[in-house]
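For the record, the sequence lines run as chains A and B.
So that you can map any letter, position 27 of the first sequence is 27 in my numbering, and since no number is skipped, the others follow by simple counting.
So that you can map any letter, position 56 of the second sequence is 56 in my numbering, and since no number is skipped, the others follow by simple counting.
Warning: the hint list may mix true and false statements.
Cut-off 30 angstroms, straight-line C-alpha distance, at most; resulting in silico cross-link-like pairs (BS3-like, lysine-lysine) [what the hints assert, rightly or not]:
1. 9/A with 102/B
2. 9/A with 73/A
3. 74/A with 25/A
4. 58/B with 25/A
5. 22/A with 58/B
6. 63/B with 106/B
7. 74/A with 21/B
8. 21/B with 25/A
9. 21/B with 102/B
10. 107/B with 9/A
11. 9/A with 106/B
12. 19/A with 106/B
13. 58/B with 4/A
14. 63/B with 21/B
15. 22/A with 102/B
Everything labelled a hint here was simulated from the structure, so no lab data went into it.
Predicted model only: the values in this text are computed from it and were never measured.
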Amino acid sequence: MADKVLDAKGLNCPLPILKAKKALKDVPGGGTLEVLSTDPGSVADFQAFARTTGNELVEHSEEGGVYTFLIRKK
Amino acid sequence: MSEETGGNVINPNSMSIIVTKGSLDWAYPPFILSTTAAAMGLEVTMFFTFYGLSLLFKKLDLKVTTLGNPAMEMPMMGGHMAMPNLVSAIPGVGRMTTVMMKNLIKKKGVASIEELRELAVEADVRLIACQMTLDLFEYSQDDLIDGVEIGGAATYIEVATQSHINLFI
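Start from the sequences, fold in the hints, and give me the full structure.
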């Protein structure tokens, strides 16, 4: 179970990233954030976000058009 | 480093954007990039000049025009409707296009410019309004949202010499 869950479904670029960044503020270092998104572009974007910020993209998956990302805070 | 350029050191995690356009469509690239860069840990400065200055007004009333947008097409009934330059001369077309675009923005979950601008302010994006543009078009700092700095070309160039990424939009 993630420390925090962010429902970004229905939101388009760049809102899932911006809201994830905000949500990470409430997650302790080493804790995890789960993000739900329906934006297909968020797959590439969360990978780039993780590489640039040093937060780890632990896993991501897709089911029925909903993308789930698990991010571990640096 | 030469004496003339001072001792400016480039911050590898920094970006500046010169914002020159104030229409609804052209307002998106600078605000999307600035907010995203800030979310990715970059220090961001936006310099608003000429028509870009209007993006700092307290009350935004952004419009989109088909004029000068030859590639503009609007999704319509499963297809795309071309919006040739010519139709912009018809009264009401500009307003209609703006309404269509705003409806699409809402329907597709795209943030409003007001929302992105608020997020930029929240993320400590540095906003600089061009003094010369204020003078030229007879505006004052009172017309702009709070937290905006006023500066000129030299102010921007100093920022640019310290920024790793410098964009002109």
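Each hint, compared with the structure:
| no. | hint | in the structure |
| --- | --- | --- |
| 1 | 9/A with 102/B | holds, 20 angstroms |
| 2 | 9/A with 73/A | holds, 21 angstroms |
| 3 | 74/A with 25/A | holds, 11 angstroms |
| 4 | 58/B with 25/A | holds, 29 angstroms |
| 5 | 22/A with 58/B | holds, 24 angstroms |
| 6 | 63/B with 106/B | holds, 15 angstroms |
| 7 | 74/A with 21/B | violated, 37 angstroms |
| 8 | 21/B with 25/A | violated, 33 angstroms |
| 9 | 21/B with 102/B | holds, 18 angstroms |
| 10 | 107/B with 9/A | holds, 13 angstroms |
| 11 | 9/A with 106/B | holds, 14 angstroms |
| 12 | 19/A with 106/B | holds, 17 angstroms |
| 13 | 58/B with 4/A | violated, 35 angstroms |
| 14 | 63/B with 21/B | holds, 11 angstroms |
| 15 | 22/A with 102/B | holds, 26 angstroms |
In summary, the numbered hints that this structure violates are 7, 8, 13.
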